[in-house]
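Guided by the hints, dock chains W, F and U onto chain L, whose structure is given.
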Amino acid sequence: MSDSTAIAHAAPDDPHAGGHEAHPAYLRHHFENVEQQADAAGFAMWLFLLTEVMFFGGLFTAYLIYRNWYYPAFVAGSHQLNIFWGTLNTAVLITSSFTMAMGVWCAETRKKSGLVLCLVLTFILGLGFLGIKTVEYKEKIEKHHVPGFHYSLNSFLNPDSDAEAKAAGDKPLAPDMAEHTEVYFSLYFAMTGMHALHMIIGIAILGYMIFRARAGAYTSGHVTFVENFGLYWHFVDIIWIFLFPLLYLISRHPN
Amino acid sequence: MDHISPVIWQFLVKWTTNFPLFPPEASKLAPQMDALLFFEILVSLIGLTIVFLLVTTFCIMYSKGRHPVAVQIEGSTLLEATWTIIPLGLFLMMFVWGSLIYFRVYTPPANAMNIYVVGKQWMWKAEHPGGQHEINALHIPIDKPIQLTLISQDVFHSFSIPAFRVKREAIPGRYTSVWFEATTPGTYHLFCTQYCGTNHSAMIGDIVVLTQDGYKKWLAESTSGTSLAQNGERLFASLSCNACHNSKPDARGPSLANVYGAKLALAGGGTVLADDAYLRESILNPSQHITQGYAPIMPTYQGQVSEEGVISLVEYIKNLNSNYRIEQTLNTTDLLPEGEGKTAPAKTAPQGVVKP
Amino acid sequence: MSDTIVSLPDQSTARIPKVNFITKENGLLSWLLTGDHKRIAILYMISITFFFFIGGALAGLIRLELLTPQSDLMATDTYNKVFTMHGIIMIFFFLVPSVPATLGNFLIPLMIGAKDLALPKINLLSWYLYVAGGILAIYTMATGGVDTGWTFTTPLSTHYVNTNVLTTGLAVFIAGFSSIFTGLNFIVTIHKMRCPGMTWFRMPLFCWAHYAASILMVLGTPVLAITIVLVALERTIGIGVFDPAKGGDPILFQHLFWFYSHPAVYIMILPGMGVISETISTFSRKRVFGYTAVAFSSVAIAVFGFFVWAHHMFIMGISNYSMLVFSLLTMLVAVPSAIKIFNWTFTLYKGSITFETPMLYTFGFMGLFTIGGLTGVFLGAAGTDIHLTETYFIVAHFHFVMVGGMLMAFLAGIHFWWPKMTGRMYPEKISQLAAVVTFIGFNLTFFPQFILGTLGMPRRYAAYPPEFQVLNVFSTAGATILGVGYLLPILYLTWSLKYGEIAGNNPWQATGLEWQVQSPPLTENFAVTPIMDHECYDYEWLENQKVKEVSSVG
Amino acid sequence: MTDQKEMEESQHHIVSPVVYIIIGGALLVLTGVTVGASYLELKIFNPIVAIAIACIKAVLVVLFFMHVKYSSKLTKLTVFCGLFTFFALIGMTLSDYFTRAWGRW
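If you're matching them up, the sequences are chains L, W, F and U in order. Each residue of the first sequence is one higher than the one before, starting from 1 at the first, in the working numbering. Each residue of the second sequence is one higher than the one before, starting from 256 at the first, in the working numbering. Each residue of the third sequence is one higher than the one before, starting from 612 at the first, in the working numbering. Each residue of the fourth sequence is one higher than the one before, starting from 1166 at the first, in the working numbering.
If you're looking for bench data, these hints aren't it; they were derived computationally from the structure. It is possible that some hints are incorrect.
[To be verified] Derived lysine-lysine pairs resembling PhoX-like cross-links, with alpha carbons at most 25 Å apart:
hint	chain 1	residue 1	chain 2	residue 2
1	U	LYS1208	L	LYS166
2	W	LYS503	W	LYS472
3	W	LYS471	W	LYS283
4	L	LYS111	U	LYS1234
5	L	LYS171	U	LYS1208
If you're wondering where the values come from, they're calculated on a predicted model, not measured in any experiment.
Just chain L, with the same shape it has in the complex (with noise of 0.2 Å):
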């Protein structure tokens, strides 16, 4: 394929080739210039994106029609998420959407160190994201919190034998009911899970983007690579912004 590139562009008849003086190497050789090439990725990105759009809108749709039939349940099983290391992950998140940004703007205005910071506090920063998320994943596994795996209706029985429950309050749910907590915690481990992974992929992106920017591939006019990826931790960003409120703060208030 590499070969064909170049017998394309070295044509003498190409009728391109003679527009500008030369062509940076990134350009492939199907575009007719940079514009085009960066334009093209950027709307394939965002095209990518609704896809992702559309994945997580099915969770959505379940997630609010169970919300709707089971809402005891749902605020029950809401009580079980800590608030603390939930608010403590959206910051967490939203100062790496943060960093992420200011690395595309470090990329845009060629700054090479800046760039490399900023992809490592975004790394860091999303790491530190999936450490809390392990966290809390462990209370719940302790809890007996999984759907599927010995699940436990122990805390929403009894509230006041379970430190959580107690302390927001929480009136013994009825027998029917408390099962339902199931489907609130299937759509929390499937949400979070799906998020997670987003997480994990964009971390590992995140990780080869270190990798290049510090050789400077970035920084030399390229910058789509960066830019499509911030789109997409962005993206990712959006869909916790979203789940928090749902999963965590469901009423929240005593009564």
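Frame of chain L, contents of chains W, F and U only:
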């Protein structure tokens, strides 16, 4: 040749003797449905003929031999409008007509006789109010509206009677209903049309339409001794429902007399019509259907009562016109032997009773 | 049929151009690592044909089993697996990628004057995903198959069957991503890569149709992906989202599944409609009647296509209100198809029509698609839907649309662009025979199924009441003829690769940009970036072009 | 420098870091606000406020971090298309669930 000809012969015999092209119309609804069907076929034929005639005419008139140079035409707004508006109008007619029939099929009249049907892999089980059970068969009288209340015990099934032009999905966890009024005595096909696993194609049966007298005779012959409501009563007692729903002044549960068909005020606000679906839900997911003035203390019977059991309970509650029956039930509770399937004939035992 | 528009170069002197995308590089690796959209299209064509014949063989088994009322050829379990795999392979591994991934891939850049699709590597990735999904599907078939039906209905698929639901789901999931990437690539290419002068309304209708289908692919497929993920979670750890026993709602699965799977039928048929627009214009030497109407009807189908999914659920107990809304919208989505059919018909008016093979397939498409579309209205009207749904009427309806429509269009397209793809003509007489055989075989196979459905014969039945046998025998007999009709092209097209006549640049005297370059095209498509200075389907421009060429050469 | 100027013209607007800092700060503040609001008794307005704040945050991220405010019409249209289909899925599905309570007609 000798060994082929019988096959062909057999085929010809079948062709001439057993080759229906249109299903029998055996319900009051069938002619109405067919009227729409014929209208749709007519429109399709006309549409198809128009396209066919136009294409053939153009192909003959403007073939390269006859018409060597094409005349370039941009299009015609008038024509575009014509073939947008006319099909749209026809389709909208079908939409209105179709919706009317849909409502007719799925809105049972008030005086309909209710038969419960439970679908499970891979059989249909019908429960008549009189306690008659049948498997993969349904006996019904002519000239009487019959309502089927359908539910599935496992996967999606679909109860289809082509001769009546009705079909309804039997869904796990929810009652659905359909009704019809048979007009011609005879035996018709019953199919499960929703794919439901290995023996999907064996989940078939017979709809036997009898005259009114014939139906009475059949009812008498196949009676099981206890009616559905009586089965429900037994279950009611063995599950100790009457410990709370006993209509005493200090009862923990509401009185169930005359509850069916009433508008109930819910604890969370709002009212609900106590129909079959509501009664079923209240047994299985009680906390969402608490009536005003009562606490959500009722345990769930999910997993403890089979769908047949729920049906007999619902039928029992439906027929509760006074508290007298409940009191009677209360009195007989102690007399019931454990595992009450023993007393009743095996055929009629409610299957769901596991733990009281 | 002596009249023809085919104008081939002098066979004694004509040669296939020495430098073209096929001869550019040699060796298997140069194909497997290519970024060239034309080579990827050829890879897709080979793999799709492979899956088509697997799906077709399974269809043959189904028809053989249904020859007799008893389930005697195979056990019901086997039959269930066979029709499930038939559905999955035909839908996800043949119909969805057929026209877009082969013809669309090959032609969209050529038609809009671009050198390649916008994202060649993603394009190659999408082929690899397709192959990975396909291999996984074959693997599941080899290791016991799956018997849920292609619709994966819960709770059957999650709790009640013991077959390879997970691997099949994964196969479909992967193939779904392949389709997302193809669609994404097309949208970006059509937006960003058009050559100078190629405005939206100078684009061939083929591109419009693919654009509309791509929107559906990009926005619909992810919903299927998440649905499959939820089914997998339900099956493995029992999360309860679709399980009525845990408070879930199996109808929700139906909503999410059909949110993709209804638009999916438009993903399948729209590209076929694009092919028909091209062939009918070329063989009647005329601009497509009502170009804008046809273009916008594609987009209208794409938009309305998202709002009709619940018509698959009329008898499952959706609310009455929803029934009204979805039934009404279904009626609306039928109109653009009618507009297209009439516009194609009137394209013939005052044309100069010839009857080469692609045109015969086109006529086949128009007849069969009209029947398929109109019977769809029977099912959109809620009343008759009750009687006809889940019977062989449905089977006949979607086979008329998918096989009668899409496959006819696919074959029309393959024959039409065969000279462009390979540089050689297919043999005309035998291919005309194949087109006629296909048409006859198709009608004999599927028309009796409309009657069977009206009689009430349910779909997915391994055994059926004996009075339905005669019609089933007809259907099976038709299927054998249809099988011949599909085998013939494979044989003569392969033959033509070596022995076909040299086609030259533009054997059909067609106007599209793809016909103005050499056949097979160069790797970079155009030696000089073309400038579109005329409307598409402008046959006068083509005449002038020819005159100019002659005068400049002379 | 000419190269950079050309890039600015041909490609896109470069958002100044000040904007990022303001937006990042606003997002953190809004996070605090939404947590606080969940502890107030607002009846049915609790979820509405929570979703409204989440929407504001998302819009800020989309407009500034993701540069949609400075992007072409096509990008804006793309975002709109995504939201439209997203709401079609949710709205049309939920319309079935909510109208089931209307019962038989």
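Against the structure, the hints come out as follows:
Using a Cα cut-off of 25 Å, the hinted pair LYS1208 of chain U and LYS166 of chain L holds, with the two alpha carbons roughly 22 Å apart. For a cut-off of 25 Å, the pair hint linking LYS503 of chain W to LYS472 of chain W is broken: about 42 Å separates their Cα positions. Proposed proximity of LYS471 of chain W and LYS283 of chain W is supported: the alpha carbons are some 21 Å apart, at most 25 Å. Under the criterion of a C-alpha separation no larger than 25 Å, the hint pairing LYS111 of chain L with LYS1234 of chain U is consistent with the structure, at around 24 Å.
The suggested pairing of LYS171 of chain L with LYS1208 of chain U holds, with an alpha-carbon distance near 18 Å, which does not exceed 25 Å.
Of the numbered hints given earlier, the model fails hint 2 alone.
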